[in-house]
Amino acid sequence: MTLETPLLSISGVSKAYGDVVALDNVSLDIRQNEFFALLGPSGCGKTTLLRSIAGFEDPDAGTITILGSESTTPINLLSLPPNKRPVNLMFQSYALFPHMNVRKNIMYGLQREGLSKEEIAQRVDEVLITTGLTDKAAVRPAQLSGGQRQRVALARAIVKRPRLLLLDEPLSALDRKVRAEMQIELKRLQHEVGITFVVVTHDQEEAMSMADRIAVMHEGRVQQIADPVTLYAQPANVFVADFIGSGSLLHGVANQGSFSAYGSTFPCHNPDQIAGDAVLVLRPEEVRITAAAPTDNPLMVGSIIETHFYGGSSSTTVRVAGVDHPIVASHPGAPQYIVGDQVGLSWNPQSAVLLQVQP
Amino acid sequence: MSIPTPTSGRGAARRRALIGRTVFAAPGLIYITIFMTIPILLVLVYSFFQRGRFGGIVWEFTLENYVRAFEPVYLQVFSNSLVIAGTTTVLALLIGYPTAYAIAKLPTRWRTVALVLVVLPFWTNFLIRTYAWIILLNSEGPINSSLVDAGIISAPIGFLYTPGAVIVGLVYAYLPLVILPVYASIERLDRQLIEAAGNLGASRARAFFDVTLPLTLPGVMIGAIFVFVPSLGNFVIPELLGGGKTVMVGNLIRDQFLEARDWPFGAVLALFVITLLVVLFALQAAISRRINGTGKRVSSRA
Chain A
1 MTLETPLLSI
11 SGVSKAYGDV
21 VALDNVSLDI
31 RQNEFFALLG
41 PSGCGKTTLL
51 RSIAGFEDPD
61 AGTITILGSE
71 STTPINLLSL
81 PPNKRPVNLM
91 FQSYALFPHM
101 NVRKNIMYGL
111 QREGLSKEEI
121 AQRVDEVLIT
131 TGLTDKAAVR
141 PAQLSGGQRQ
151 RVALARAIVK
161 RPRLLLLDEP
171 LSALDRKVRA
181 EMQIELKRLQ
191 HEVGITFVVV
201 THDQEEAMSM
211 ADRIAVMHEG
221 RVQQIADPVT
231 LYAQPANVFV
241 ADFIGSGSLL
251 HGVANQGSFS
261 AYGSTFPCHN
271 PDQIAGDAVL
281 VLRPEEVRIT
291 AAAPTDNPLM
301 VGSIIETHFY
311 GGSSSTTVRV
321 AGVDHPIVAS
331 HPGAPQYIVG
341 DQVGLSWNPQ
351 SAVLLQVQP
Chain F
360 MSIPTPTSGR
370 GAARRRALIG
380 RTVFAAPGLI
390 YITIFMTIPI
400 LLVLVYSFFQ
410 RGRFGGIVWE
420 FTLENYVRAF
430 EPVYLQVFSN
440 SLVIAGTTTV
450 LALLIGYPTA
460 YAIAKLPTRW
470 RTVALVLVVL
480 PFWTNFLIRT
490 YAWIILLNSE
500 GPINSSLVDA
510 GIISAPIGFL
520 YTPGAVIVGL
530 VYAYLPLVIL
540 PVYASIERLD
550 RQLIEAAGNL
560 GASRARAFFD
570 VTLPLTLPGV
580 MIGAIFVFVP
590 SLGNFVIPEL
600 LGGGKTVMVG
610 NLIRDQFLEA
620 RDWPFGAVLA
630 LFVITLLVVL
640 FALQAAISRR
650 INGTGKRVSS
660 RA
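These protein sequences, in sequence, are chains A and F.
Residue 1 is where the first sequence starts when you use the numbering used here, and the numbers rise one by one after that.
Residue 360 is where the second sequence starts when you use the numbering used here, and the numbers rise one by one after that.
Accuracy of the hints is not assured; some may be wrong.
[Claimed, not checked] Heads up, simulated DMTMM-like pairs for lysine to aspartate or glutamate below, C-alpha to C-alpha not over 20 Å straight-line:
| # | chain 1 | residue 1 | chain 2 | residue 2 |
| --- | --- | --- | --- | --- |
| 1 | A | K187 | A | E169 |
| 2 | A | K84 | F | E419 |
| 3 | A | K104 | F | D549 |
| 4 | F | K464 | A | D58 |
| 5 | A | K104 | F | D614 |
| 6 | F | K464 | A | E57 |
[Unchecked claim] Computed spacing ranges between beta-carbons, pair by pair:
| # | chain 1 | residue 1 | chain 2 | residue 2 | range |
| --- | --- | --- | --- | --- | --- |
| 7 | F | T471 | A | Y17 | 20 to 30 Å |
| 8 | A | A137 | F | F420 | 50 to 60 Å |
| 9 | F | F567 | A | G18 | 41 to 51 Å |
| 10 | A | G146 | F | R565 | 26 to 36 Å |
| 11 | F | G379 | A | P86 | 50 to 60 Å |
| 12 | A | P86 | F | L642 | 50 to 60 Å |
| 13 | A | Y17 | F | I397 | 56 to 66 Å |
| 14 | F | R468 | A | G146 | 46 to 56 Å |
| 15 | F | R565 | A | G18 | 31 to 41 Å |
| 16 | F | R565 | A | R221 | 32 to 42 Å |
[As the list claims (entries may be wrong)] Take a look, some chain F residues computed to stay more than 10 Å from chain A by CB distance:
| # | residue |
| --- | --- |
| 17 | V432 |
| 18 | Y520 |
| 19 | L552 |
| 20 | L639 |
For the record, the hints were derived by calculation from the structure and aren't laboratory data.
We treat Cβ as the ideally placed atom computed from N, Cα and C, and that holds for glycine.
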């Protein structure tokens with residue numbers, strides 16, 4: 001990892017609305033040309049953070065700085081009004097001007113910069129081609145489909161060539177099929193235009209598939225900042241483990257080298273020397289299903305309550321007596337057992353993550 | 360009974376919906392037919408016949424009434440009325456738009472209070488409110504006496520019985536009719552559109568003129584029509600505050616029916632005002648459609 005100065009630096013930002021804390025001492029750095037995601041359930045503060053960067057919310061405390069295009073000294077963003085910030089925002093509702101056609105919508109931001117007519121026309125034409133909207137230039141937003149509107153909103157933002165592009169739930173208004181296409185499209189565009197993207201989303205799959213790094217937020221605080229693989233494999237706390245991916249959480253007590261839960265003791269990998277109340281995270285693909293016979297050395301024994309076959313893979317849900325949540329296992333191929341079968345469950349202690357429960 | 364095919368099922372649903380709509384609309388439709396459509400048709404019919412000696416109609420066809428309406432003396436009244444109603448409309452918009460804007464920006468619970476205050480004058484009798492203006496604008500009235508006392512003027516100014524007084528009275532009477540539709544359109548405006556303009560580099564003033572104003576124009580036009588049309592037809596204010604010296608179309612029409620007993624000519628003048636009203640509403644509808652793009656409703660939130 002290089003030690004370059006981050007493009008955007010957020011430090012100790014807090015914001016409260018009356019008694020409701022929206023942001024609680026949030027600090028994070030966003031690097032140049034990065035695809036960064038702010039991920040969390042609704043009400044976690046991610047949109048407030050985005051709006052603070054764009055200038056539509058004033059944080060109660062903290063600083064937000066951005067690197068200028070020429071200088072190497074960061075500019076204090078919070079001292080600038082929204083229209084003077086080198087940051088563009090793609091709104092969740094797209095906020096296209098209904099009384100202007102596509103071309104005028106896209107031109108609007110460039111006209112505000114006082115560029116020459118020729119330059120504006122050239123840059124608008126370019127971005128119309130990039131976003132595939134050339135034949136829609138003269139059309140009003142009301143006549144466009146959801147996916148086309150999303151592209152206009154994107155074109156309107158990237159034509160400004162901002163240092164940083166903020167995207168608020170960019171895909172939430174689209175149906176499933178268009179959504180998958182636009183995910184690829186966004187990633188391609190980000191690569192092509194070389195702009196740093198910050199996406200706000202509540203959809204973990206969306207964040208995992210597009211972002212280079214993700215900040216998981218909950219109750220106004222950053223829970224973990226990491227790349228998608230690390231978030232999944234090494235969640236920093238129980239919230240992240242539960243929010244990212246699927247998996248079964250076993251609640252118990254950690255001791256040196258073992259984990260006790262539901263009256264049994266399981267071997268576990270405990271590099272952080274966790275002791276006391278803890279959670280063991282079992283990802284479905286790490287759980288193996290075996291016969292229930294003691295010769296197979298199962299770690300748990302239970303009965304199958306559900307099986308699903310997805311074509312290439314299947315999942316099996318097992319209820320274990322005394323364990324409050326059923327445990328899910330996924331494996332390639334068709335299910336090998338049927339509902340009601342007694343089976344054994346086992347996993348590699350190295351691949352199950354042990355997390356301390358915060359008191 | 361046979362099993363309904365999908366098509367006939369849909370037809371039945373549509374028929375039921377139509378019957379439902381008709382039932383709900385019936386009271387309004389009946390009221391409008393009896394008290395609006397029939398009188399307007401009567402006015403239209405009267406305009407093509409000759410006047411009776413003491414009012415009423417002599418059933419002999421003529422276009423004379425229409426020709427007469429274009430005599431210079433009547434054209435003068437029309438142009439007078441248009442100038443006064445136009446000035447009233449412009450003033451009412453200049454005062455009403457900022458007021459509506461300010462109300463729309465108030466915290467929610469204060470908005471209701473402010474809107475009640477706007478319509479509060481309507482709860483007082485119209486004549487009493489107009490007479491209050493006579494007292495205010497009088498040469499011995501509070502405005503003149505305080506101006507004289509303050510030494511700004513040496514002798515009272517004759518505000519009353521001038522076109523200016525008529526305009527002041529009309530603006531006062533119809534200001535709420537501008538504020539309400541303009542308020543509705545500002546309040547309905549998606550705040551994110553203003554934020555988007557700011558995000559794209561527009562100052563607050565720029566965003567107002569590029570986004571807020573054009574998108575609230577339909578409301579502005581409704582407000583303008585609501586002021587312009589009744590101002591044109593009003594005959595009480597020109598009489599009380601204009602002292603009968605300022606003749607407007609409203610006075611002229613009233614005089615034809617009540618004083619001159621020339622119903623057909625009064626009918627022609629009334630039709631002119633109605634036609635103007637229809638043209639103005641058509642214009643408003645066309646402009647609203649243009650602003651929102653091809654008549655389709657724009658959902659600001661996807």
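Evaluation of the provided hints:
1. A:K187 <-> A:E169: Distance ~15 Å between K187 of chain A and E169 of chain A Cα, so the pair holds.
2. A:K84 <-> F:E419: Given that 20 Å is the threshold and the Cα spacing comes to 74 Å, the pair is violated.
3. A:K104 <-> F:D549: holds, 19 Å
4. F:K464 <-> A:D58: It holds: about 18 Å lies between the C-alpha atoms, which stays within 20 Å.
5. A:K104 <-> F:D614: violated, 54 Å
6. F:K464 <-> A:E57: Measuring from Cα to Cα gives roughly 17 Å; hence the hint holds.
7. F:T471 <-> A:Y17: 20 to 30 Å: holds, 22 Å
8. A:A137 <-> F:F420: 50 to 60 Å: holds, 57 Å
9. F:F567 <-> A:G18: 41 to 51 Å: For G18 of chain A against F567 of chain F, whose Cβ atoms are near 30 Å apart, the range 41 to 51 Å is violated.
10. A:G146 <-> F:R565: 26 to 36 Å: holds, 29 Å
11. F:G379 <-> A:P86: 50 to 60 Å: For P86 of chain A against G379 of chain F, whose Cβ atoms are near 56 Å apart, the range 50 to 60 Å holds.
12. A:P86 <-> F:L642: 50 to 60 Å: For P86 of chain A and L642 of chain F the Cβ distance comes to about 43 Å; the hint is violated.
13. A:Y17 <-> F:I397: 56 to 66 Å: The hinted range 56 to 66 Å holds for Y17 of chain A and I397 of chain F, with Cβ atoms some 58 Å apart.
14. F:R468 <-> A:G146: 46 to 56 Å: With Cβ atoms ~36 Å apart, the hint is violated.
15. F:R565 <-> A:G18: 31 to 41 Å: holds, 33 Å
16. F:R565 <-> A:R221: 32 to 42 Å: Holds - the Cβ-Cβ distance for R565 of chain F and R221 of chain A, about 38 Å, lies within 32 to 42 Å.
17. V432: holds, 44 Å
18. Y520: It holds; Y520 of chain F is separated from chain A by about 45 Å at its closest Cβ, greater than 10 Å.
19. L552: violated, 5 Å
20. L639: The claim holds: L639 of chain F sits with its nearest Cβ about 21 Å from chain A, beyond 10 Å.
Of the numbered hints listed earlier, those contradicted by the structure are 2, 5, 9, 12, 14, 19.
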